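2 protein chains.
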Amino acid sequence: MTFENEKKTFLAKIDRSKKGSIDQKAILIIEAINQLDNYYTTSSCSGRVYLWRSTGKKSETEWINMNHDLIHSDFFNLKEKQGTIWLRFEGFILHVACRNLESATIFLVKAKSVFKKSSILSISNKIIVEVKSSEIIEMPFYCNGPLYSGDYTWLVEHINHRFENNWKKMELLKHSIKEKIDE
Amino acid sequence: MTFENEKKTFLAKIDRSKKGSIDQKAILIIEAINQLDNYYTTSSCSGRVYLWRSTGKKSETEWINMNHDLIHSDFFNLKEKQGTIWLRFEGFILHVACRNLESATIFLVKAKSVFKKSSILSISNKIIVEVKSSEIIEMPFYCNGPLYSGDYTWLVEHINHRFENNWKKMELLKHSIKEKIDE
Numbered sequence: 016m017t018f019e020n021e022k023k024t025f026l027a028k029i030d031r032s033k034k035g036s037i038d039q040k041a042i043l044i045i046e047a048i049n050q051l052d053n054y055y056t057t058s059s060c061s062g063r064v065y066l067w068r069s070t071g072k073k074s075e076t077e078w079i080n081m082n083h084d085l086i087h088s089d090f091f092n093l094k095e096k097q098g099t100i101w102l103r104f105e106g107f108i109l110h111v112a113c114r115n116l117e118s119a120t121i122f123l124v125k126a127k128s129v130f131k132k133s134s135i136l137s138i139s140n141k142i143i144v145e146v147k148s149s150e151i152i153e154m155p156f157y158c159n160g161p162l163y164s165g166d167y168t169w170l171v172e173h174i175n176h177r178f179e180n181n182w183k184k185m186e187l188l189k190h191s192i193k194e195k196i197d198e
Numbered sequence: 016m017t018f019e020n021e022k023k024t025f026l027a028k029i030d031r032s033k034k035g036s037i038d039q040k041a042i043l044i045i046e047a048i049n050q051l052d053n054y055y056t057t058s059s060c061s062g063r064v065y066l067w068r069s070t071g072k073k074s075e076t077e078w079i080n081m082n083h084d085l086i087h088s089d090f091f092n093l094k095e096k097q098g099t100i101w102l103r104f105e106g107f108i109l110h111v112a113c114r115n116l117e118s119a120t121i122f123l124v125k126a127k128s129v130f131k132k133s134s135i136l137s138i139s140n141k142i143i144v145e146v147k148s149s150e151i152i153e154m155p156f157y158c159n160g161p162l163y164s165g166d167y168t169w170l171v172e173h174i175n176h177r178f179e180n181n182w183k184k185m186e187l188l189k190h191s192i193k194e195k196i197d198e
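Protein chains in written order, with this note's numbering: chain A, 16 to 198; chain B, 16 to 198.
Bound-form chain A, shown alone (with noise of 0.2 Å):
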């Protein structure tokens, strides 16, 4: 198949993230790459916070509370609390299918200017650049009691400070890729 037949085979899929939908802040900076020839995204998320627990099965995890926006103290609430609940913040994370290693390392290069942690996944077969955050927290929240014995307060405004600051950055990472890319 060529790289067009594949593009327009791949985006005319539903949307089969367990979340259901692209995310909206993730929307603008996919288009911009979706309008490109080289270029089309295979899946997204603009940053999350989230609980989850082990559901017990190897790497299997299940959500508790899931946030893609900026949090209150409410988020904290534990409806349910069995077993060790961990708090898990993401950032931006973006698959890019590219059409051959020329375009996949321009966008790499651009990639990398914003985001470090950005790489390719994979050159047979598909070749995918993944745009990736460097920003992680993964920390255990709940067992029994509570395990964090901060400020509610810091750690939302923490939080919160790591969502905008992500949010700057796919905002640079857009307008890098509107300038220059595909000239």
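The set of hints was computed from the structure by calculation and includes no laboratory data.
Since this is a predicted model, take the numbers as computed values, not measurements.
One or more of the hints may lead you astray.
Where chains are identical, the list cannot tell them apart; a pair therefore holds if satisfied intra-copy or between any two copies.
Unchecked claim - Derived SDA-like pairs: lysine to any residue, alpha-carbon spacing no greater than 25 Å straight-line: (1) K94 <-> S164; (2) K73 <-> I152; (3) K189 <-> E117; (4) K28 <-> N53; (5) K40 <-> G98; (6) K73 <-> T168; (7) K127 <-> E77; (8) K193 <-> G165; (9) K96 <-> Y163.
Following the hints, complete the assembly by docking chain B onto the known chain A.
For chain B alone, coordinates are given in the frame of chain A:
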């Protein structure tokens, strides 16, 4: 410069890492890779747990306690307590220079079968595959008092469990590399 000369030059250099020496735990895997014609390692960390705080300069961190091996609860004793201190655990990380895209693909497939987050960092100039563990902890630990109110024994056991899983995976990768690559 040919790949052979690059390899020879690079491996003759002294270790310039912050730690100042190669992790004992990473040496066998590094040696296994450097014996292969198509690869050489450029940097590594076998996995580590540390307490850190921001120096105030962008992205710059000051290490407070650092350990590449199993810990005891005395790891959490803080001599100085200024600022916000974070606890971070990182699993194995290894950068491997590859002769060409074909050898990079072969190595990446092997790396991903054990460390799923492995990727290609660069394909222009040097071709570098990053082997990367997905194991991470990043939690605020101390700020004008402890921020973690859970059981220290639980946290120590959890971190040590992550270390042991990480080392098992390194062992798997080492065997995988010795078995079939370069055939």
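Here's how the hints hold up against the structure:
In this assembly of identical chains, the alpha carbons of K94 and S164 lie at most 25 Å apart whether taken from the same copy (19 Å) or from different copies (20 Å). In this homomeric assembly, K73 and I152 come within 25 Å of each other (Cα to Cα) both inside a single copy, at 21 Å, and across copies, at 18 Å. Proximity of K189 and E117 under a CA criterion of 25 Å is satisfied intra-copy only: 20 Å inside one chain copy versus 32 Å between copies. In the homo-oligomer, the alpha carbons of K28 and N53 lie at most 25 Å apart inside one protomer (19 Å), although the nearest pairing across protomers, at 40 Å, exceeds that limit.
Proximity of K40 to G98 under the C-alpha cut-off of 25 Å is found in neither arrangement, the shortest distances being 32 Å within a copy and 33 Å between copies. In this assembly of identical chains, the alpha carbons of K73 and T168 lie at most 25 Å apart only when taken from different copies (24 Å versus 34 Å within one copy). For the identical chains of this complex, K127 and E77 are inter-copy neighbours only, at 24 Å across copies versus 31 Å inside a copy, given an alpha-carbon limit of 25 Å. For a Cα distance limit of 25 Å, the shortest separation of K193 from G165 qualifies neither inside one copy, at 42 Å, nor across copies, at 48 Å.
Taking identical chains as interchangeable, the C-alpha atoms of K96 and Y163 lie at most 25 Å apart whether they share a chain (14 Å) or sit on different chains (18 Å).
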